[in-house]
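First to last, the protein sequences are chains A and B. Each residue of the first sequence is one higher than the one before, counting from 1 in the numbering used here. Each residue of the second sequence is one higher than the one before, counting from 117 in the numbering used here.
It is worth saying that the hints were derived from the structure and are not from the lab. Incorrect hints may have been included.
[What the hints assert, rightly or not] Partner residues are not named here, just some residues of chain A that face chain B (Cβ under 10 Å, in silico):
#1 V19
#2 S28
#3 N31
#4 Y32
#5 F35
#6 S42
#7 R43
#8 M45
#9 L47
#10 R50
#11 K78
#12 L84
#13 G85
#14 G95
#15 Q98
The structure presented is a predicted model; accordingly, all values stated were derived computationally and were not measured. Glycine residues also receive a C-beta, built at the ideal position from the N, C-alpha and C atoms.
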Amino acid sequence: AQTVTQSQPEMSVQEAETVTLSCTYDTSESNYYLFWYKQPPSRQMILVIRQEAYKQQNATENRFSVNFQKAAKSFSLKISDSQLGDTAMYFCAFGLTQGGSEKLVFGKGTKLTVNP
Amino acid sequence: DTAVSQTPKYLVTQMGNDKSIKCEQNLGHDTMYWYKQDSKKFLKIMFSYNNKELIINETVPNRFSPKSPDKAHLNLHINSLELGDSAVYFCASSQRGGVGQYFGPGTRLTVT
Chain A
1 AQTVTQSQPE MSVQEAETVT LSCTYDTSES NYYLFWYKQP PSRQMILVIR QEAYKQQNAT
61 ENRFSVNFQK AAKSFSLKIS DSQLGDTAMY FCAFGLTQGG SEKLVFGKGT KLTVNP
Chain B
117 DTAVSQTPKY LVTQMGNDKS IKCEQNLGHD TMYWYKQDSK KFLKIMFSYN NKELIINETV
177 PNRFSPKSPD KAHLNLHINS LELGDSAVYF CASSQRGGVG QYFGPGTRLT VT
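Model the full assembly from the supplied sequences, consistent with the hints where possible.
Okay, structure coming up:
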């Protein structure tokens, strides 16, 4: 079974600074996907960024980038130029495809607060 | 133009009742999902349907029954509600595996 660990229950950062959220996972699979989802106080789950395990290049989406270390089974999220709207719970997720579906296993989340 | 919608957004009911949550997506996706988020924010998959076929069926009490009348709709029916069923239930959809999922706004179910 796959497990996802987010070791930082809470973090805070000053506006405009950079913050890195940690995520490690455990699996015996070789083909999988990794995701970061954001859940602001509105409760909506929003996909932030995705990474395919077979790609060595780290994914980036504007101010969001990942550091994917496959051998170490590590998948951290870096947020640059933090904004107040980045305040949210951030969930790391491990994904396997199954019959056209995508089975996601989530970590317990990191609550990020961006301070003005 | 809501991509994934759920009704109702809030549901308060008594133990022993039967209730349903409806989900619709207008993204043309083939796959839909139900997740449960508990009071500690832990999110766990319950079911997935691909083109109306049940694909993922996690260890969920059989009081929970998903129904997919067509690939744009996936409803969740819960029989004999228990206190432990109180949670936020999310519907989601994806075009295929590996691309990530679009989530609905969630339904907060409170069982008293």
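So, against the hints stated earlier in the document, which numbers end up violated here? 1, 2, 11, 12 and 13
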